[in-house]
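Undergrad: In case you want the letters, here they are:
Protein chains: 2
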Amino acid sequence: MHKFIRIDMTTLTSTVSEVPAKYVGLGGRALTSNFVNDEVNPTCHPLGKNNKIVFAPGLLSGTAAANSGRMSVGSKSPLTGTIKESNTGGSSSQMLAKMGIKAFVIEGMPSEDKFYVIKLDMNGVTIEEAPAEIIGGCGNYDAIRILGEKYGKHVGVAIIGPAGEYRLPSANISFKDPEGNIRSAGRGGLGAVLGSKKVKAIIIDETGAGKVEIANPEAFMAANKVFSKALLDHPVSGQGLGLYGTDVLVNILNEAGGLPSYNFTSGRIDHNDNISGETMNATITERGGEGKVSHGCHKGCVIRCSQWYTDKEGKYITSGFEYETIWGLGADAGIEDLDAIAYIDRAMDDVGVDSIETAVAVATAMDGGLIPWGDGKAVLEIVKDMAKPTPLARIIAGGAGAVGSLCGLYRTPVVKNQAIPAYDPRAIKGIGLTYATTTMGADHTAGYCISGNILKVGANIDPLKKEGQIEYARAMQIGTAAIDSTGMCLFIYFGVADNPAGYQALIDMINAQYGLSLTANDVDELGKSVLKVERDFNKRAGFTNAHDRLPEFMEYEPIMPHNVVWDFTPEEIDEVMNF
Amino acid sequence: MHKFIRIDMTTLTSTVSEVPAKYVGLGGRALTSNFVNDEVNPTCHPLGKNNKIVFAPGLLSGTAAANSGRMSVGSKSPLTGTIKESNTGGSSSQMLAKMGIKAFVIEGMPSEDKFYVIKLDMNGVTIEEAPAEIIGGCGNYDAIRILGEKYGKHVGVAIIGPAGEYRLPSANISFKDPEGNIRSAGRGGLGAVLGSKKVKAIIIDETGAGKVEIANPEAFMAANKVFSKALLDHPVSGQGLGLYGTDVLVNILNEAGGLPSYNFTSGRIDHNDNISGETMNATITERGGEGKVSHGCHKGCVIRCSQWYTDKEGKYITSGFEYETIWGLGADAGIEDLDAIAYIDRAMDDVGVDSIETAVAVATAMDGGLIPWGDGKAVLEIVKDMAKPTPLARIIAGGAGAVGSLCGLYRTPVVKNQAIPAYDPRAIKGIGLTYATTTMGADHTAGYCISGNILKVGANIDPLKKEGQIEYARAMQIGTAAIDSTGMCLFIYFGVADNPAGYQALIDMINAQYGLSLTANDVDELGKSVLKVERDFNKRAGFTNAHDRLPEFMEYEPIMPHNVVWDFTPEEIDEVMNF
Numbered sequence: 001m002h003k004f005i006r007i008d009m010t011t012l013t014s015t016v017s018e019v020p021a022k023y024v025g026l027g028g029r030a031l032t033s034n035f036v037n038d039e040v041n042p043t044c045h046p047l048g049k050n051n052k053i054v055f056a057p058g059l060l061s062g063t064a065a066a067n068s069g070r071m072s073v074g075s076k077s078p079l080t081g082t083i084k085e086s087n088t089g090g091s092s093s094q095m096l097a098k099m100g101i102k103a104f105v106i107e108g109m110p111s112e113d114k115f116y117v118i119k120l121d122m123n124g125v126t127i128e129e130a131p132a133e134i135i136g137g138c139g140n141y142d143a144i145r146i147l148g149e150k151y152g153k154h155v156g157v158a159i160i161g162p163a164g165e166y167r168l169p170s171a172n173i174s175f176k177d178p179e180g181n182i183r184s185a186g187r188g189g190l191g192a193v194l195g196s197k198k199v200k201a202i203i204i205d206e207t208g209a210g211k212v213e214i215a216n217p218e219a220f221m222a223a224n225k226v227f228s229k230a231l232l233d234h235p236v237s238g239q240g241l242g243l244y245g246t247d248v249l250v251n252i253l254n255e256a257g258g259l260p261s262y263n264f265t266s267g268r269i270d271h272n273d274n275i276s277g278e279t280m281n282a283t284i285t286e287r288g289g290e291g292k293v294s295h296g297c298h299k300g301c302v303i304r305c306s307q308w309y310t311d312k313e314g315k316y317i318t319s320g321f322e323y324e325t326i327w328g329l330g331a332d333a334g335i336e337d338l339d340a341i342a343y344i345d346r347a348m349d350d351v352g353v354d355s356i357e358t359a360v361a362v363a364t365a366m367d368g369g370l371i372p373w374g375d376g377k378a379v380l381e382i383v384k385d386m387a388k389p390t391p392l393a394r395i396i397a398g399g400a401g402a403v404g405s406l407c408g409l410y411r412t413p414v415v416k417n418q419a420i421p422a423y424d425p426r427a428i429k430g431i432g433l434t435y436a437t438t439t440m441g442a443d444h445t446a447g448y449c450i451s452g453n454i455l456k457v458g459a460n461i462d463p464l465k466k467e468g469q470i471e472y473a474r475a476m477q478i479g480t481a482a483i484d485s486t487g488m489c490l491f492i493y494f495g496v497a498d499n500p501a502g503y504q505a506l507i508d509m510i511n512a513q514y515g516l517s518l519t520a521n522d523v524d525e526l527g528k529s530v531l532k533v534e535r536d537f538n539k540r541a542g543f544t545n546a547h548d549r550l551p552e553f554m555e556y557e558p559i560m561p562h563n564v565v566w567d568f569t570p571e572e573i574d575e576v577m578n579f
Numbered sequence: 001m002h003k004f005i006r007i008d009m010t011t012l013t014s015t016v017s018e019v020p021a022k023y024v025g026l027g028g029r030a031l032t033s034n035f036v037n038d039e040v041n042p043t044c045h046p047l048g049k050n051n052k053i054v055f056a057p058g059l060l061s062g063t064a065a066a067n068s069g070r071m072s073v074g075s076k077s078p079l080t081g082t083i084k085e086s087n088t089g090g091s092s093s094q095m096l097a098k099m100g101i102k103a104f105v106i107e108g109m110p111s112e113d114k115f116y117v118i119k120l121d122m123n124g125v126t127i128e129e130a131p132a133e134i135i136g137g138c139g140n141y142d143a144i145r146i147l148g149e150k151y152g153k154h155v156g157v158a159i160i161g162p163a164g165e166y167r168l169p170s171a172n173i174s175f176k177d178p179e180g181n182i183r184s185a186g187r188g189g190l191g192a193v194l195g196s197k198k199v200k201a202i203i204i205d206e207t208g209a210g211k212v213e214i215a216n217p218e219a220f221m222a223a224n225k226v227f228s229k230a231l232l233d234h235p236v237s238g239q240g241l242g243l244y245g246t247d248v249l250v251n252i253l254n255e256a257g258g259l260p261s262y263n264f265t266s267g268r269i270d271h272n273d274n275i276s277g278e279t280m281n282a283t284i285t286e287r288g289g290e291g292k293v294s295h296g297c298h299k300g301c302v303i304r305c306s307q308w309y310t311d312k313e314g315k316y317i318t319s320g321f322e323y324e325t326i327w328g329l330g331a332d333a334g335i336e337d338l339d340a341i342a343y344i345d346r347a348m349d350d351v352g353v354d355s356i357e358t359a360v361a362v363a364t365a366m367d368g369g370l371i372p373w374g375d376g377k378a379v380l381e382i383v384k385d386m387a388k389p390t391p392l393a394r395i396i397a398g399g400a401g402a403v404g405s406l407c408g409l410y411r412t413p414v415v416k417n418q419a420i421p422a423y424d425p426r427a428i429k430g431i432g433l434t435y436a437t438t439t440m441g442a443d444h445t446a447g448y449c450i451s452g453n454i455l456k457v458g459a460n461i462d463p464l465k466k467e468g469q470i471e472y473a474r475a476m477q478i479g480t481a482a483i484d485s486t487g488m489c490l491f492i493y494f495g496v497a498d499n500p501a502g503y504q505a506l507i508d509m510i511n512a513q514y515g516l517s518l519t520a521n522d523v524d525e526l527g528k529s530v531l532k533v534e535r536d537f538n539k540r541a542g543f544t545n546a547h548d549r550l551p552e553f554m555e556y557e558p559i560m561p562h563n564v565v566w567d568f569t570p571e572e573i574d575e576v577m578n579f
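So the protein sequences, as listed, match chains A and B.
Residue numbering for the first sequence follows the numbering used here, starting at 1 and increasing by one per position.
Residue numbering for the second sequence follows the numbering used here, starting at 1 and increasing by one per position.
Hints may contain errors.
No copy is singled out in the list; a pair is fine if it fits within one copy or between any two copies.
Unchecked claim - For lysine-lysine, the following DSSO-like pairs were computed, each having C-alpha atoms within a straight-line distance of at most 30 Å:
1. K388 / K377
2. K49 / K315
3. K114 / K388
4. K528 / K539
5. K465 / K49
6. K49 / K292
7. K466 / K539
8. K315 / K150
9. K49 / K466
10. K465 / K225
11. K312 / K22
12. K119 / K299
13. K377 / K150
14. K150 / K465
15. K465 / K384
16. K225 / K312
Since the hints were made in silico from the structure, they are not lab data.
The model shown is predicted, which means the values in this text are computed figures rather than measured ones.
Just chain A, same shape as in the assembly (with noise of 0.2 Å):
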């Protein structure tokens, strides 16, 4: 049996039932939003009794198919308005697929004022108080640690820092990794309802577990393999992101003159070098002690773009140091030394923020005059302030959106008021499309149309024109919707785009596992559901296509090296959802 677990914190009971009907066949971010959308009204307040919050593994997950081990977050956000799918790596959506857990859903608000820890294992759900040590200012590493001490190291947790207590609108969920560090479903302030509902942390222990049932075993061992070896062939998957990690992009995206720079008014900077992936490599592989360049954030993963940061004396400082989050403080917030970008990074995670938001709230606030332009040193303390909170942190926890309005600036890049990630629409073109018309405001992972535009990988698009953009937006984000349903990580296209094999092997692996037959059609049949389930909510929450738009400064403000500003009309904007 699979199980449906609801856990009610308005009561403090949980109930553990079959998975509803409808929700069978369905895993990852397809479960998440087919239930948000069919139990969470549209126009609840995000932080009110009435938002639900459900987590997912992917259909894949649990399994030994690599990359698999991502799970979806789903709920209404706080930060956009809109139905949100946060997705993460880590151990938990692996043990919950072994434990038979197909999703659990968090409804209902505590009348008390303490926090509370939710822990589930094969025996069902327990909740219990939070222990005090860990409310009120810890940071996750320590009380992930602590969380350790008391019910073992080998568990699973999703937690909440000080900004979700807060309900900050920046507010994450960190989940642990398998060394203990942090990986965060990042966007949309999904931390921010768990603090309202009161769950500090959810413990996962999968003591007892069994394995995922494999229908056909052996064709699906066979599928694995040429999945694998799709990843490992290709030089994006197999090479690139291993040496160094997602922060490759740095020195390509400046090239291509798409590297947004001090709040979106350049696409390009000269500190490159101090901030780029083949600086961290030899940063790290320089400085020894406990750095790792590669490593992966799930057991299974064989791309492994993550790494272990480290300081000057080789000691850790922070893991799944991203390009974007690099991108934000580095080059839109100027701030040129990547070990103070790294102690940044470190706290975003401590505190439990979105790298994104905030690295571009920075920005922002830079533009606004609330933070002197590149000062890290400024930067660190007022993150390391969200967990008391000041008001200065406040601003920033608040996401580029809020600061934007708060400094009275009409450059304020987001679209449905979440941060608009390191690549420039004006000079990516097929990105800015994804960026306007995804479900989730401003996203890159939504539909990452770099891939086509600037890596020339699944397709070879001129970044500059706007000739193929609405059909390859349109694809990315159908396909996109399909894969965050598997629990496999996004860099698998890297590896399936121009493998038919490899994507095949993908399909079979699905087929293999639960005894099915579908063909490539019914997955982007999936990924186009997703989208207009998606869509639905986003409808009756009041979206509109008018707020399929990207900020308007980029229609007359050029951005250099190219000179070029955002110029899809309207109508061309809308043909991307047309399906």
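Model the placement of chain B on the given structure of chain A, informed by the hints.
TA: Relative to the frame of chain A, chain B by itself:
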């Protein structure tokens, strides 16, 4: 010739032309809303170069008609994202009308980072750099005095305070009244729009202007006599408002159990006697000196609901000391001392922020733990700090919605991000329908259903019941849109609602002035057309029926003493604007 003036802040040039045919016959809100809908792209950024702001006296402004000196200011609001008409007393409306200026528009945005003063006189438009001494922290009281020294004490002044210079979302536009004190186009952050266009002040010099042309002077005077008598004969407009100001409402609303207090968690307070209109009258009377219990915000006002509130030495502190401000600080934020509230009111006028938005933001911040409940001293310092502004001052000046978001509250009393004023929708259901459905964001002046629900003027509706509310809220909004187009003060409603002769006299004045033969039906159609134009703008800006909703908490948090929730269904609410 009636003049229509365009001032282009990009080129620092202006054009004076005849009124475009489509705006002939319109005034006040009818003119500003049509103009904004015609010329402003609804998806533009309110603080970007493509927004425009338009000022228009009403149809009857500048004449001898009693209470006809209101002016409408229209734009896209940075606070709500909707179309906005914010109207004000002061001297400017009558001056513009006498000068034959039907409207002036400010558009574009200068490239240089300095502020300008625009002067309108019978020779046209002059744009000059603002005196350095009034920029960067100078309060409105001083700035108006300094501008008077430069341009003459007789001129009209519209000005933004430091809050407008910083483009804070609650920034208002202040207008000099006949004594050099301050009236405000308060709601919706239009001071930030003026700030974005780098317009510090607008000087209106009527020297050389003639009289407003009246087609049939005898009929006009006769009608005005009937009209004035109707205002003076009614106990509310002829007596109550003059004696106690709008603050007369504290005891009335407290008795009705509809006085939202402690951030909308109760409908009644115990310290009502501290802050009531009766107490205000007694205090001013007792203190003597400069105090005035009754005073008009513009020449020709016969209701005279304003007052000069004084300190213990009888020295002027503030005027236009309104019920909604006193409610917000006194009941909703629990500040129990009227003097403390008066000093905050003065500070809000001086820094240039909407006193309703700010007061509700303060109360929300108290609920969020940012300010101690009832701490008037702390609030005064924060409001003064808006001239710097400090981070906390920025948060409060962001309005109630920003405060709610940055404090992670679901109990955030806003509609379309504008603060709900002074009358609880759960206990006074008619006003809730106005808050939900007006094109302006929560705004009591958009359809003052308190009249028929509580004061029993114009209708006699049980405030706790649904019966009759939908039709009443619809009629009140239509009528108000028409009144807002005449330049008439909203309070004339009390004089004409139950007095057919008084109402006919209002129409007769318009007919006598313009040589028309309008009927009551035409006035009704005017109101409907204004609302339709505004809703068209909002729809194109992305607003749907899903935004015509009160905050969700009002549906499940009952308010004392009647222990009632907001219980109109979405379908019922949507009927209000179905005409």
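Undergrad: Hint by hint, say whether it matches the structure.
TA: Hints versus structure:
1. K388 / K377: both (18 Å within a copy, 23 Å between copies)
2. K49 / K315: Answer is neither; intra-copy 43 Å and inter-copy 50 Å both fail.
3. K114 / K388: So K114 and K388 pass the 30 Å test inside one copy only (17 Å; across, 37 Å).
4. K528 / K539: both (16 Å within a copy, 27 Å between copies)
5. K465 / K49: Intra 46 Å, inter 26 Å, cutoff 30 Å: inter-copy only.
6. K49 / K292: Classified as neither: same-chain Cα gap 43 Å, cross-chain 49 Å, threshold 30 Å.
7. K466 / K539: both (27 Å within a copy, 28 Å between copies)
8. K315 / K150: within (26 Å within a copy, 66 Å between copies)
9. K49 / K466: between (44 Å within a copy, 26 Å between copies)
10. K465 / K225: neither (38 Å within a copy, 69 Å between copies)
11. K312 / K22: neither (54 Å within a copy, 71 Å between copies)
12. K119 / K299: Cα proximity of K119 and K299: one copy only (22 Å, versus 71 Å across).
13. K377 / K150: neither (35 Å within a copy, 46 Å between copies)
14. K150 / K465: Answer is neither; intra-copy 56 Å and inter-copy 55 Å both fail.
15. K465 / K384: neither (42 Å within a copy, 51 Å between copies)
16. K225 / K312: neither (40 Å within a copy, 87 Å between copies)
Against the hints set out earlier in the document, violations occur for numbers 2, 6, 10, 11, 13, 14, 15 and 16.
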